[in-house]
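Engineer: Following the hints, position chain B against chain A.
Chain order of the listed sequences is A and B.
In terms of the working numbering, the first sequence opens at residue 1 and continues consecutively.
In terms of the working numbering, the second sequence opens at residue 1 and continues consecutively.
Hints should not be assumed to be uniformly reliable.
One-sided and incomplete, this derived list gives chain B residues near chain A with beta-carbon spacing under 7 Å [claimed, not checked]:
(1) L21
(2) L23
(3) D40
(4) A41
(5) V42
(6) T58
(7) G64
(8) A66
(9) A139
(10) D142
(11) Y252
(12) S261
(13) A264
(14) F265
Calculated cross-link-like contacts (lysine to aspartate or glutamate; reagent style DMTMM-like; alpha-carbon spacing at most 20 Å) [stated by the list, open to error]:
(15) A:K208 to B:E61
(16) A:K92 to B:E152
(17) A:K208 to B:D229
(18) A:K78 to B:D224
(19) A:K208 to B:D31
(20) A:K92 to B:D74
(21) A:K208 to B:D294
(22) A:K208 to B:E152
(23) B:K114 to B:E152
(24) A:K92 to B:D229
Sample of chain B residues with no beta-carbon within 10 Å of chain A, all distances over it, derived [claimed, not checked]:
(25) Y46
(26) G94
(27) F140
(28) F159
(29) V177
(30) A242
(31) N249
(32) E271
(33) V273
(34) F279
(35) A283
(36) P295
Hints are computed from structural coordinates only; laboratory data are not their basis.
Beta carbons are placed, not taken as given, at the ideal position from N, Cα and C, and that holds for glycine.
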Amino acid sequence: MNKKTGLFAAGLAVAASAALAHTGATGVVLERMQGMTALRDVMRDLTPMMQGAVPYDAVAVSEAGYVIASHSGEAMQKLFPTDSLMGVTYAKPDIWSDWQEFASLSEELRTYAEALSSAASAGLQAPETMPMVMDDTAPETAQTAPTPESLRAQQVANLMGFTPPEIEVGVTRRMSTDTLMAQSMQQMGGAEDIFAQISGTCSACHAKFRTGRN
Amino acid sequence: MRGLIRLAIATGVVLGGTGALSLHYWPIGEDAPAYFPKGDAVRGAYLARASGCVSCHTNFEEDGLALAGGAPLDTPFGTFTPPNITPHPDAGIGSWTIQDFAVAVRQGISPDGKPYYPVFTYSFYANFTDQEIADLWEAFRDVPAVAQAAEEHDVGFPFSFRGGLKLWRARYLEAPVDDALMGMSDSWNRGRQLVEGPTHCAACHTGRNLAGGLKASEAFAGNDDLPGDNSAPSILAPDLAANGWTIANLSYALKLGILPSGDAFGGSMAEVVTNGTSFLTDADRTAIATYLLDPDGTGALPAQVAQDAPAAGTVDHSNMDMSPSN
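In isolation and in its complexed conformation, chain A is listed as follows (with noise of 0.2 Å):
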């Protein structure tokens, strides 16, 4: 009994804090709130894992590319029925005069934390030698090792933010996004590439579409 109403309690003062954190939501917007905080703190809580300030989890780092894939995608966009800005809310009306932008953030998202669970057992950083699919002609361009001009060329024209014309494959931006994150995944394995993907994704949504913050 005692433990029960313990319980109860417990359950009330979670209850009150979200609403306290949250003062004024309700209903669909004050539950599209708690999944961002949930976002949040899963993120809070690997940080420091990717920075290395603390011992690398695999098993952590997977249950939380699950827990981040859980709360985007559609999941997410059905938290946002068209024009939900009552009461409280951080949501421009943005998201749905451009929904397309939206949905494909929230499943960049999803993507991106699915395979954050898959590479979780692969550390870190992604292994020296891993190529995702093994193909005899894909490897060329990593024999080839880039001569010191070129690697210059490259390194002037990613800081300055365009593409240098003699490199034709995987830096092209303004592809169609499912390309685009192929290449990039295939770029990347470790979970702290993933994770800055992540993060990226969640920043950028802010910026378009989340009022009142930074």
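Structural biologist: Just chain B now, with coordinates in the frame of chain A:
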């Protein structure tokens, strides 16, 4: 009575006209050196990234071409569109000399002698060395030329009268104080250089007065009135410490955009990270954090920070530095 008013108006017009004329002819700036050292494009590109040239002059929102003109900035003074600074001879800066470039970047004056609006953060670049100017110049010349000029600024009177900016310059223009402090670490001194100069944190994190000048007394105390309804929080050391920032997590946030709570930056700071600080080396990001948590150079971090700073800031991620993925 009518005569009096007329006289007053006439006097005003004459005085105003004389003032405007003298402002127009008031010479500003100094000549750039005739000779510059040989530049290094990679170093220049790194500096261009760190200084925000790339993020401001490229319209990422519209998938614009590199440095061909940035997203318009709505300010109380009008709408400013960062120009095309690719090496196109007509639409960009292709017809400039390195001397023109040096005067534009360090002094904020165009090749035809007009002062630039301070929305171009040239005051932070005033201490760039001749070598740095040469490096930047080399990097800019590598950028593919784009033939389309950016939109003109949309600025109403009186701000459209550029002569007035000379008054602004006389009152507010100051070179950054970024000289090395004896007794402080190399990292702190590097951080000071970056923060006070190229990365121009104060441009957003320091409040501005009605004339758009930075309020020295409110350095780094935050600004709620940024273009596009953005705001920048205080980055004063005690405030950073109170919000859970440490050297390690602050430098990591500049890389990946994650706050101590696990939240991800949105707003203009998301862009700063994505298009700017994520391209810096870990050492430079750590330097920025080191300086911001002790800008007075006391040699001690705010109390809250000292206890929990993990060593992660020193972990070697150098193989990740130039990753285009973030």
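Engineer: Going back to the hint list, which numbers does this structure go against?
Structural biologist: 1, 2, 3, 7, 16, 18, 19, 21, 22, 25, 27, 31, 32, 33, 34
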